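Residue numbers (full-length UniProt numbering), protein chains in the order written: chain A, 1 to 501; chain B, 1 to 226; chain C, 1 to 481.
Just so you know, the hints here were simulated from the structure itself, not pulled from any lab data. There's no promise every hint is true.
[Said to hold, decoys possible] Derived Cβ-Cβ restraints for the label pairs, each shown as a range:
{"hint": "1", "chain 1": "A", "residue 1": "Ala64", "chain 2": "C", "residue 2": "Ala271", "range": "32 to 40 Å"}
{"hint": "2", "chain 1": "B", "residue 1": "Gly16", "chain 2": "C", "residue 2": "Pro222", "range": "56 to 64 Å"}
{"hint": "3", "chain 1": "C", "residue 1": "Pro222", "chain 2": "B", "residue 2": "Trp12", "range": "34 to 42 Å"}
{"hint": "4", "chain 1": "B", "residue 1": "Arg156", "chain 2": "C", "residue 2": "Val24", "range": "49 to 57 Å"}
Values in this document were obtained by computation on a predicted structure and should not be read as measured data. Ideal Cβ positions, reconstructed from N, Cα and C, are used throughout, including at glycine.
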Amino acid sequence: MTAVLPLATLASSLLTAAVIFMLPEQALRTRTALNLAAALVKLVLVIWMAWGLIAGEVYAVEFAVVEGLSFVLRVDALGLTFAGLSSLLWLFTTIYAIGYLEDSPNRRRFFGFFSLCVASTLGISLAGNLFTLLIFYELLTLSTYPLVAHRGTPQALAAATVYLRYTLSAGLLLMIGMVALQVLAGDLRFGQQEILAELGPAAHPWLIGLFWLLILGFGVKAALVPLHGWLPRAMVAPAPVSALLHAVAVVKAGAFGIVRLVYDVYGIGFSAALGVLEGLVVIACITILYGSLRALAQQELKPRLAYSTVSQVAYIVLGIGLFGPLGTIAALAHLLHQGLMKVTLFFCAGNYAEELGIHRIDELDGVGRRMPLSSLAFTIGALGMIGLPPVVGFISKWMLGMGAVQAGKPWVIAVLVASTLLNAAYFLPILNRLWFRRGPAHGVGAWPAERAPSRLETSAWLLLPALATALLSLLAGMLAGLPFSPLQWATRVVQQTYLMP
Amino acid sequence: MSLSPMAPAAAWVLAGLLLLLAGVCLLQRHLWRACQGFVAFALLMSLAWLLLGAPWLALAEALLGALLTGGLLLWTLRGRGALPRLPTLDRTARRGRLAAPLRWLLILTWLGLIATALVGLLGLEALAPPASVTTLLAATGVLIMGLGLWAFSTQRHLLRRLLAFNLLGSGVFLVLAGLAGPGAEIRGLILIGLVVALLGSVLGAALLLRLHARAGQVTLNPVFGT
Amino acid sequence: MSPTPLHLLWLLFAPLALGLLAWVRPPRHSGWVLLAALPLPLVALWLLLGVETGPMAGRLALGPLTLHWRLDGLAASLWLLTQLLLLASALYAASYAHATPLRTRGYAWLWPLLGGLALGLGLIWIAADLLLLYAGLELMGLCAVGMMLLPGSVEALTAGLRYLLFALVGSLTWLLGIALLLGAWGRLDLAGLAAVAQPDPVTQIAVALLASGLLLKGAIFPLHSWLAPVHDSAWTPISAIHGALVVKASFFILLLLWRALLPEAIAGAWALGLLGSLAVLWGGVQAWRAVGLKQLVAWSTVGQLGYLMLAFPLLAGTSAAVALMAWQATWLQLAGHALAKAAMFMAAGNLLLSTGAHRLEGLTGTSRRLPLSLMTFGFAAVTLMGLPPSAGFTAKWLWLQASLASGQWLWVLVLALGSLLSAIYVFRVLRCSFVEDAPEPAFRPLPLGMELIALVLALAAIGLGLAAAWPLSFLAPAGVP
């Protein structure tokens with residue numbers, strides 16, 4: 001039983017992908033049913049594993065690929081954090097994508113790679129050593145390329161090429177770094193951080209060098225400045241893909257890789273002893289400020305959200321860099337929080353584009369009247385990003401600030417404040433336009449390209465996921481004290497596995 | 001080796017004739033005569049095997065080399081197949097001078113390597129004038145190889161290059177016999193070599209005829225076509 | 001029942017017999033091919049399982065001549081791979097003849113040539129003396145040239161003639177090398193040579209000659225110029241078998257001889273490694289610049305063969321652990337590349353056949369119309385790029401590990417650059433398939449079999465990456481021989 005669940009979770013997406021590729025393009029209903037069923041099954045399986053994990057079950061799969069090199073899947077609390085996030089958000093993104101791509105060509109290809117993409121995300125979260133992590137990490141690169149290039153326009157293809165250039169080079173660096181670690185320390189599993197610590201001081205320069213090499217590799221997907229160039233360009237992809245890149249899979253995979261590297265390979269104590277955490281904090285702070293500043297300069301909605309992602313994901317890295325339980329809790333909780341909020345924002349941006357043809361921020365005047373529910377969801381997400389209670393974003397920032405104090409780096413709070421102000425500066429004008437400006441809904445001018453009006457403000461497939469994720473990010477903030485909220489789960493992970501034995 | 005005292009003299013004559021005929025094969029502009037030269041060369045090779053005490057090899061050489069390969073080449077020029085015959089006069093230009101240094105470098109490296117190896121194996125005394133028949137023929141083989149290599153790399157006409165390849169092969173066989181004597185393995189190797197040379201020539205000649213029929217060219221490069 | 005030499009003999013000659021039979025009556029349906037040829041890989045598998053306990057070896061006396069043979073795990077694995085790929089190519093060829101009008105006589109000749117190729121390759125895998133190796137090498141080479149000529153077009157004829165001339169000179173070089181070895185040590189069997197041969201100048205010259213002959217036949221940089229034109233005009237199943245196996249056989253012989261004769265020659269091994277590195281870079285750059293799809297695939301072969309050459313420096317004078325990793329990586333890469341390259345040639349052939357295009361730009365719209373072939377191309381490309389999960393990836397990991405562990409940092413750079421270059425040229429192709437606004441060419445429907453065979457091969461290359469432990473366990477129980 002112990003090996004079945006992780007494999008079944010992986011298979012639930014992999015097989016779906018295979019079946020979808022084999023279905024004919026016209027098999028619309030079968031595909032939709034299959035997608036939804038797979039998403040649900042996976043969510044159930046992940047929850048089941050979480051349950052079992054708490055009850056003390058061990059889920060692991062392991063076999064030797066060649067002598068001294070193993071493929072390891074091993075479920076732990078940290079991995080389940082990411083798996084839970086991705087399978088929950090995947091459900092919503094699938095629903096959204098079904099609505100978004102209605103009547104567009106190449107849907108078989110799209111959903112096939114979409115499933116493959118989530119399978120690789122799950123693989124990343126369940127991987128039990130660096131080799132396995134790399135396998136799924138690269139698979140993620142390969143399966144997102146067709147999604148970014150999906151539209152087939154010159155811009156889409158160019159963006160996809162840039163994406164590949166960044167991610168494949170990064171993958172190569174990762175591979176070299178991981179092989180070098182294996183040469184130093186053998187077939188290393190996650191959670192065996194004492195092996196590196198016992199190597200002795202002669203190995204320390206090597207270990208520091210390898211740490212930065214691996215950060216360089218993970219930093220590309222995590223969009224750390226200056227490795228973030230691909231992310232804003234990838235905005236040409238369809239909205240569900242953007243949601244996937246920004247909230248569910250790609251950026252998170254990079255951040256999760258850094259989490260694994262620091263906590264499970266090097267160990268947080270040993271990382272602090274090597275003195276690499278300070279560098280991580282500095283990089284994170286630079287990224288936070290730079291991302292926010294660039295977001296301020298964007299005139300289109302999706303690029304502004306993209307730069308906001310650059311800034312927000314760096315919060316996770318910041319939390320990792322702050323040596324102490326609170327920083328870790330903040331990092332893990334923000335991994336979940338940012339996913340919920342960002343996916344909401346992208347759903348709404350997609351709704352505006354689909355329903356009204358809006359891409360630029362100055363076209364948003366008065367949209368709140370025409371699409372009140374989407375705008376409400378957007379508002380919740382935006383306020384969360386700024387860090388206003390009771391949305392979850394507040395909790396992230398609060399915990400980060402506490403972590404900074406605990407780690408003895410009060411200046412980080414200044415960065416957080418500056419970032420909050422910048423967040424407000426680029427989100428509040430949008431909210432102002434949505435709700436308080438007069439626009440086509442008031443009889444002034446016209447929408448760029450309005451779809452035929454429907455019963456709801458837009459298709460239910462598009463609206464409901466956005467509302468659901470908005471509601472979740474509100475609830476996760478208000479009910480943060482309940483046992484299964486992201487915050488409590490993150491605290492549990494930290495208590496169980498890391499600093500407090 | 002129990003050879004009559006006259007043999008070395010005969011061997012000298014044989015070596016000289018072999019070199020002469022090789023030159024004819026590779027330089028004679030009239031291809032018909034060049035191919036006739038090759039038949040004569042192969043017959044002399046067969047004589048050389050006889051002289052080295054390998055009658056079966058002599059028979060194989062006469063059969064495979066002179067009769068079949070030579071006959072095939074002659075047939076390519078004057079045969080009565082369905083495809084148009086090749087012009088018998090070789091009018092193709094030699095290869096340009098641009099790559100000549102590289103070519104010479106390759107040829108000299110090859111010859112230098114073989115010579116070094118020969119000296120290393122047989123010793124310098126063995127190669128000094130009253131040499132045995134075996135070493136004499138081996139040295140001839142090296143020279144023939146040199147000629148063959150030169151022609152193979154500078155000539156363009158494909159029939160000529162096939163001739164050059166065959167001569168190169170004969171040179172290698174002579175060196176082979178000179179180094180190790182006509183033992184069972186050597187005979188096996190040379191026999192396979194002869195068969196390969198024959199098959200290669202058959203394939204090459206057939207291709208050349210088709211190429212000539214379809215594109216009117218007798219070289220690899222269409223610019224130097226007819 | 002355990003394997004006897006008679007079974008070996010059967011496996012050597014049965015393909016040729018089948019080929020001759022098919023020459024008389026060329027098969028019109030792949031079902032017959034499958035029925036007739038399926039026993040061959042099964043017997044090869046049985047042989048492989050039979051030598052698990054220990055290698056079989058023996059000698060065959062032909063009059064005064066003694067031939068030595070030896071079947072160990074490596075040879076049996078390669079033989080199995082050969083039979084599988086030959087079967088796949090034969091099946092593909094039968095479907096191919098349906099899908100495109102082939103010259104009838106050419107199609108008939110394909111079969112005996114395939115059989116001869118199988119015999120030649122089989123001889124190479126089991127040969128334990130230079131004479132048998134020579135015979136196998138020549139048989140394989142001549143059959144390969146013959147197969148390349150079957151299309152009969154002017155381009156095929158010129159390219160084939162060039163290949164023939166290269167191959168013939170290569171075989172003479174090789175013969176000369178043997179002559180020197182025989183003169184110096186008086187024997188041709190590899191085991192005996194390995195025991196008596198000293199690394200003196202004559203042996204070095206002999207190995208240099210043997211190596212250059214093999215580099216010529218194996219299209220290894222800088223003697224690769226014949227490869228791309230040959231593939232450009234050849235039939236797809238033939239390109240597949242050639243790119244997958246024929247060039248690899250030369251590498252196999254080279255490695256075998258090197259290990260037997262000059263195992264400690266570090267300078268020479270580094271020279272070969274550097275040649276391989278140049279091949280990786282040059283092949284990658286040329287594939288990047290290639291205009292046609294088949295040319296691109298052919299140039300990628302030049303680059304991928306370069307990786308194999310890294311085996312020489314990593315095996316010469318390194319520690320046992322490093323040598324073991326390099327040894328495993330080499331055979332894994334060889335097998336993975338053979339499967340992937342065959343799949344890639346077939347997929348490329350399908351795409352070209354169906355679109356009628358020759359240039360990459362003609363592939364627009366294939367992601368919608370030919371998803372299976374495009375997918376196959378993609379899977380094969382994953383192996384070539386060394387991305388996970390694939391045999392290429394596992395091999396690259398092992399190579400990186402061996403290079404880092406032995407301190408030979410240069411190869412890390414080569415492996416990295418090679419991977420990036422291969423990603424560049426592969427995604428040139430995939431990118432074209434995503435273009436939506438270009439006019440769509442008329443698509444010709446293809447038999448499903450052609451697409452499925454390629455897909456199976458590509459998936460095998462992927463699966464080999466994760467399940468490498470089992471095939472590698474056959475290589476040699478005690479690691480590097």
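Results of checking the hints against the structure:
{"no.": "1", "hint": "A/Ala64 with C/Ala271: 32 to 40 Å", "in the structure": "holds, 35 Å"}
{"no.": "2", "hint": "B/Gly16 with C/Pro222: 56 to 64 Å", "in the structure": "violated, 38 Å"}
{"no.": "3", "hint": "C/Pro222 with B/Trp12: 34 to 42 Å", "in the structure": "holds, 41 Å"}
{"no.": "4", "hint": "B/Arg156 with C/Val24: 49 to 57 Å", "in the structure": "violated, 40 Å"}
Hints 2, 4 from the earlier list are contradicted by this structure; the remaining hints agree with it.
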